[in-house]
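Participant: Counting the sequence shown from 1 gives a position; our numbering is that position plus 97.
Any given hint could turn out to be false.
List of simulated lysine-lysine pairs, DSSO-like, C-alpha gap at most 30 Å [stated by the list, open to error]:
id	residue 1	residue 2
1	K247	K261
2	K261	K209
3	K247	K209
4	K209	K108
5	K143	K209
6	K244	K143
7	K123	K108
8	K209	K256
9	K256	K244
10	K143	K123
11	K244	K209
12	K108	K143
13	K261	K244
Simulated from the structure, these hints should not be mistaken for lab results.
Only a predicted model underlies this, so the values are computations on that prediction, with no experimental measurement involved.
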Amino acid sequence: TYNAAISSCEKGHCSSEALRLMTQMKEQYLQPDLVSFNAVISALQKEGRWQEAVQELHSMCLAGLQPDLITFNAAISACAGGNCWTVALQLLEQVALPSRITYSAAITACEKVQLWQRCFSLLEDLRNQRIQEDAIIYSACMSACGKGEKWQLALDMMKRMSLKGIQK
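Let's have the full structure, built from the sequences with the hints guiding it.
Facilitator: Here it is in structure tokens:
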């Protein structure tokens, strides 16, 4: 089936081929489904093609499909890889129940452009959602602190990680 082939392309980091298969589906009057779009968006994310990933998310909505958490996580991660924090945060706002992965991708997007305050704000949001922090999230926040020359905050975060028993 097309979904199996598109998923194989995603796993093989072959986004151009995944997009070609999606186009071929449409030409044969087959409607791509959630699995099709998620695989294409993930393939684009893995290759740093954030604009196309976001475009596919919009196409999915126009096709009457409801994005799920996997969709948003892949699109937000694509934006993080492309240093497009504003779109990443706009997408985060659309997620009904974000996960640790969702927040991690959004925090990474902010970290890459040295928005350490926004990283901390997202960390607070994550806690308010009662989602457990992990070493990846702390590392991104500490990296943002370093880039923003807030080394003392990074050291404080190391202490907090230790107190919470989070492995470094």
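Participant: Now tell me, hint by hint, if it's right for this structure.
Facilitator: Quick rundown of the hints versus the structure:
As the CA atoms of K247 and K261 are separated by approximately 21 Å, the hinted pair is consistent with the 30 Å bound. Note on K261 and K209: the hinted pairing holds, with a Cα-Cα distance of about 25 Å set against a maximum of 30 Å. The straight-line distance between the Cα atoms of K247 and K209 is roughly 15 Å, inside the 30 Å bound, and the hint therefore holds. Restraint check: the Cα-Cα separation between K209 and K108 comes to about 25 Å, which is no more than 30 Å; the hinted pair holds.
Under the criterion of a C-alpha separation no larger than 30 Å, the hint pairing K143 with K209 is consistent with the structure, at around 17 Å. The hinted pair formed by K244 and K143 meets the criterion: a straight-line CA distance of about 25 Å does not exceed 30 Å. Using a Cα cut-off of 30 Å, the hinted pair K123 and K108 holds, with the two alpha carbons roughly 22 Å apart. Taking the CA atoms of K209 and K256, the gap is near 23 Å; set against the 30 Å cutoff, the hint holds.
At roughly 19 Å between alpha-carbon atoms, K256 and K244 fall within 30 Å of each other, so this suggested pair holds. At roughly 23 Å between alpha-carbon atoms, K143 and K123 fall within 30 Å of each other, so this suggested pair holds. For the proposed pair K244 and K209, the alpha carbon gap of about 9 Å is at most 30 Å, so the pair holds. For the hint linking K108 to K143, the alpha-carbon distance of about 9 Å falls within 30 Å, and the restraint holds.
Distance hint between K261 and K244 is fulfilled; the C-alpha atoms sit about 24 Å from each other, no more than 30 Å.
Going through the hint list in order, the structure satisfies each hint without exception.
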